[in-house]
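A.B. asks: One letter stands for each residue in the lines below.
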Amino acid sequence: MIEAITQFFKQYPLLWTFVKAVVLASFTLVIPLAVIYVERKIAGFIQSRLGPLHVGPQGAFQTAADALKLLLKEDIVPEGADKRFFYLAPYIAFISTVLCFMVLPFAPGWVALEMNVAVLFIIGVSLFNVVSILMAGWSSNNKYSLLGGLRAVAQLLSYEIPMVLSVLAVVFYTGSLSLTGIIEYQVKHGWNIWHPPIMIAALIYFICALAEINRTPFDLPEAESELVSGFNTEYSGMRFAFFFASEFANNFFITAFAAALFFGGWDGPVLPPIVWTFLKVFVMIFVFMWVRWTPPRLRIDQILRFAWQLLVPISLANLLFAIALGVR
Amino acid sequence: MRDTEYNPLVYFIDGLVTLFNGMVVTWRNLWRPKVTVRYPYQRRPVPPRYRGLFYLKWNEEKQRLNCVGCTLCAQACPTDVISMVKLGKGTHAGVSEFTMDLGRCMFCNLCVEACPFDAIYMGPNYELASERRDASLFRIADLAQGGEEAVRKNIETIERLLAEEEKAKPAHAVHAAGGESE
Amino acid sequence: MVINVGPQHPSTHGVLRLILTLDGEQIVACEPVIGYLHRGLEKMMERRPYRHNIPFTDRLDYLAALSNNLGICQCIERLGGVEVPERAQYIRVLLMELQRIASHLVFLGTFGTDLGATTMFLYAFREREMVLDLLEECTGARLTYNWVRVGGVPDDLPEGFGQKVLDFAKLFRQRIEEYDMLLTRNRIFRSRTQGVGVLPKETALAYGCSGPVARASGIPYDIRKVAPYEVYDRVEFDVPVFEDGDVWARYLVRMEELRQSLRIIEQVLRDMPDGPVQTKLPKIFKPPAGIAYSRVESPRGELSFMMVSDGSPNPVRVHIRAPSFVNLSVLPRLLEGAKVADLVAILGSIDVVLGEIDR
Numbered sequence: 001m002i003e004a005i006t007q008f009f010k011q012y013p014l015l016w017t018f019v020k021a022v023v024l025a026s027f028t029l030v031i032p033l034a035v036i037y038v039e040r041k042i043a044g045f046i047q048s049r050l051g052p053l054h055v056g057p058q059g060a061f062q063t064a065a066d067a068l069k070l071l072l073k074e075d076i077v078p079e080g081a082d083k084r085f086f087y088l089a090p091y092i093a094f095i096s097t098v099l100c101f102m103v104l105p106f107a108p109g110w111v112a113l114e115m116n117v118a119v120l121f122i123i124g125v126s127l128f129n130v131v132s133i134l135m136a137g138w139s140s141n142n143k144y145s146l147l148g149g150l151r152a153v154a155q156l157l158s159y160e161i162p163m164v165l166s167v168l169a170v171v172f173y174t175g176s177l178s179l180t181g182i183i184e185y186q187v188k189h190g191w192n193i194w195h196p197p198i199m200i201a202a203l204i205y206f207i208c209a210l211a212e213i214n215r216t217p218f219d220l221p222e223a224e225s226e227l228v229s230g231f232n233t234e235y236s237g238m239r240f241a242f243f244f245a246s247e248f249a250n251n252f253f254i255t256a257f258a259a260a261l262f263f264g265g266w267d268g269p270v271l272p273p274i275v276w277t278f279l280k281v282f283v284m285i286f287v288f289m290w291v292r293w294t295p296p297r298l299r300i301d302q303i304l305r306f307a308w309q310l311l312v313p314i315s316l317a318n319l320l321f322a323i324a325l326g327v328r
Numbered sequence: 001m002r003d004t005e006y007n008p009l010v011y012f013i014d015g016l017v018t019l020f021n022g023m024v025v026t027w028r029n030l031w032r033p034k035v036t037v038r039y040p041y042q043r044r045p046v047p048p049r050y051r052g053l054f055y056l057k058w059n060e061e062k063q064r065l066n067c068v069g070c071t072l073c074a075q076a077c078p079t080d081v082i083s084m085v086k087l088g089k090g091t092h093a094g095v096s097e098f099t100m101d102l103g104r105c106m107f108c109n110l111c112v113e114a115c116p117f118d119a120i121y122m123g124p125n126y127e128l129a130s131e132r133r134d135a136s137l138f139r140i141a142d143l144a145q146g147g148e149e150a151v152r153k154n155i156e157t158i159e160r161l162l163a164e165e166e167k168a169k170p171a172h173a174v175h176a177a178g179g180e181s182e
Numbered sequence: 001m002v003i004n005v006g007p008q009h010p011s012t013h014g015v016l017r018l019i020l021t022l023d024g025e026q027i028v029a030c031e032p033v034i035g036y037l038h039r040g041l042e043k044m045m046e047r048r049p050y051r052h053n054i055p056f057t058d059r060l061d062y063l064a065a066l067s068n069n070l071g072i073c074q075c076i077e078r079l080g081g082v083e084v085p086e087r088a089q090y091i092r093v094l095l096m097e098l099q100r101i102a103s104h105l106v107f108l109g110t111f112g113t114d115l116g117a118t119t120m121f122l123y124a125f126r127e128r129e130m131v132l133d134l135l136e137e138c139t140g141a142r143l144t145y146n147w148v149r150v151g152g153v154p155d156d157l158p159e160g161f162g163q164k165v166l167d168f169a170k171l172f173r174q175r176i177e178e179y180d181m182l183l184t185r186n187r188i189f190r191s192r193t194q195g196v197g198v199l200p201k202e203t204a205l206a207y208g209c210s211g212p213v214a215r216a217s218g219i220p221y222d223i224r225k226v227a228p229y230e231v232y233d234r235v236e237f238d239v240p241v242f243e244d245g246d247v248w249a250r251y252l253v254r255m256e257e258l259r260q261s262l263r264i265i266e267q268v269l270r271d272m273p274d275g276p277v278q279t280k281l282p283k284i285f286k287p288p289a290g291i292a293y294s295r296v297e298s299p300r301g302e303l304s305f306m307m308v309s310d311g312s313p314n315p316v317r318v319h320i321r322a323p324s325f326v327n328l329s330v331l332p333r334l335l336e337g338a339k340v341a342d343l344v345a346i347l348g349s350i351d352v353v354l355g356e357i358d359r
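First to last, the sequence lines map onto chains A, B and C.
Those letters in the first sequence? Residues 1 to 328, per the working numbering, in order.
Those letters in the second sequence? Residues 1 to 182, per the working numbering, in order.
Those letters in the third sequence? Residues 1 to 359, per the working numbering, in order.
It is possible that part of the hints are untrue.
[As the list claims (entries may be wrong)] Quick partial rundown of chain B residues pointing at chain A, CB under 7 angstroms, derived from the structure:
# : residue
1 : Asn-7
2 : Leu-19
3 : Asn-21
4 : Leu-30
5 : Pro-40
6 : Arg-44
It is worth saying that the hints were derived from the structure and are not from the lab.
Beta carbons: idealized from backbone N, C-alpha and C, even for Gly.
Here chain A stands alone, though its shape is the one from the complex (with noise of 0.2 angstroms):
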């Protein structure tokens, strides 16, 4: 059955990709739902408390009343706000996070675009974030949203090149651009992660990603107790659940990014390499959230001069020795 309706659709490339795009921006929607409630649970545990109950089992579609809520509310556009990129910025959010997940190999084979320079492309697009975030926090006519864009720029800038250039370190290790590639240099050779260039990198990769998506110690665009909640204040309903949707779908990514480049994607013994892409990713996504709650957050200042003092060179240097070890 299933076969016959790949058959169908292999049949007609363009029709087959647009398949596989609705799949993943469904996906994209959907999984946000189960990271934010592992997220909430996680933060109750740590936090002495119990964290959501009463919606479903243990709490268990509370997101998803949530997400109902936010689409049933209605959609306030501030006075003064420039309306076409208000509009617009949650969207570009939320589709360079469906690009990314577009390039992104759960198992053999289960990719939607297999991609030669796919870790470019990643790269590339996930900047588009960036932009989204600057357009909120201009857009919104509110002082409070423009720090937090503002601060997001500088911040997500800077980061943006010590993990470029971590990540760079991995691609000329194992010689691939593609994260398909990737993995099964992996698979062949074992993880990245034992090998003492890969392991700085995968440490700066970590902060970098911590900083990415905007997580304690580096959560300073949305900053409550400072900023109110940063670039999208004035955000209300569908568009911040768009916001809020793309900012965990991010987290996913950025942790399945690293499953990929450091932890051998789907690689594992006895369990379906399906499952091992999820486990890593949750294990990871777990670290995340245990690292978010513990430390309080960095002054602009301090993280742009983290970033710039240390990271960038360390990272340079790792690269530099990543090189001379990979190339054969």
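Chain A is already provided as a structure; the job is to place chains B and C on it using the hints.
C.D. replies: Chains B and C only, in chain A's frame:
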């Protein structure tokens, strides 16, 4: 633990180590018993001294409320919460109406301390919020221990005692008392 | 750019409004606007008999209601020359120190949240809940205790209260270690607080700062030591003083005070004598004409009450010196040249309670 001069690498390593320390604490707490009380389904036990909505004590032995309507509590109240109507006079006096305005009550316990007859106590009831403004007015039936029934019995007992007292008294004294009350 | 922080803002700790002039992320000027919570408490007190005023003081510094109760009761006692039984004095000190712990825990929690460590908030409030449970068991209320009376305290400690407090003290010592590990030693936390919002000793003196704010600036001024009241002269404790005057020092002072409070509590429970807890007073309390002034060390600083009597049942004039009000006045000076992110750290470290500022 004051900082030394800024050194990115030292700070970075220190940051990682201390972050890890913090994560040990949060990890430990992850497994501790949770302190949440699921309020509408569970309730904390209320300690005996808890100062919630006050009540008028029912005296089972005498079949009446302890309150004699002396208004000492009303006088002790900083915000004039209490008002009452006295029933009868002398040794058997009581109250027929006792009103408290929750909207002004600070739950300060001063009325309880002022009462020399052990008539008024602060109870364990703390769920007093209401959507209606007039629900903040508590009348004697809401306050008396035993509710409506107790108020009825209280008035009955006091009126019976008063009648008995009147009967026992010589006729002229009754007249004098009646004259005074008018 | 002019930006309005408050009266509704996640980290102004009440209805405080700050008008900030910004240059990018840099604060150029700050103007606090207060009065959103003004209830005219001093005037209300002048219209009521002395002892009716005690519950109103609960609404001043609502995080340390017992300190306020004690302040006004001491003032009335001085006015009327009322003696307080020894046991009542010990009970008062015990409750004050429990109150100080509860209040500092609120500071610790909100300060953590201000800096982004949300988990600290819930840990601090979890332990505060234990203190509140203890106080609830003793006083019958969780926030507005109203448990100090002119001439003593209304009732003795409940059965087994001392043991419960000691158990809590034992547990709480471990928890303070945990806070240190989670927050105090954290690199990010130290970077955010050290050298931020420095209050020089001279400025602190000039503005009349008191409490932890003054002690962090190197002024060894604690009413419990310089003008001991109740039985504070009979217990041993240290007053933490730091020289740096920054946010970090103010934080450390409060953390150390938590430990010192535990020390005081243990001594008080050990030394507490038996006896009555309240002096009998006439139904209508009329102190002789005169003027009385009392000061106590509330968790926020020097809390003073002044009352003028003309021999009638009501005071003629009541004045309250609220420590938060005085400490807040130094905020514009601290914020000059700070970053927006420092605003919450500095404001949090002053630890103001708006109920007390606006009165």
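A.B. asks: If a hint holds in the structure, say so; if it does not, say that too.
C.D. replies: Comparing the hints with the structure gives:
At its closest, the beta carbon of Asn-7(B) sits 10 angstroms from a beta carbon of chain A; the interface hint therefore is violated under the 7 angstroms criterion. Because the smallest distance between the Cβ of Leu-19(B) and any Cβ of chain A comes to about 6 angstroms, under 7 angstroms, the interface hint for this residue holds. With a cut of 7 angstroms, the hint placing Asn-21(B) at the interface with chain A is violated, because the nearest CB-to-CB distance is about 9 angstroms. Hint status for Leu-30(B): holds, given a least beta-carbon distance of 5 angstroms to chain A, under 7 angstroms.
Because the beta carbon of Pro-40(B) sits about 10 angstroms from the nearest beta carbon in chain A, more than 7 angstroms, this interface hint is broken. A distance limit of 7 angstroms between C-beta atoms decides the matter here; for Arg-44(B) the minimum to chain A is near 15 angstroms, and the interface restraint is violated.
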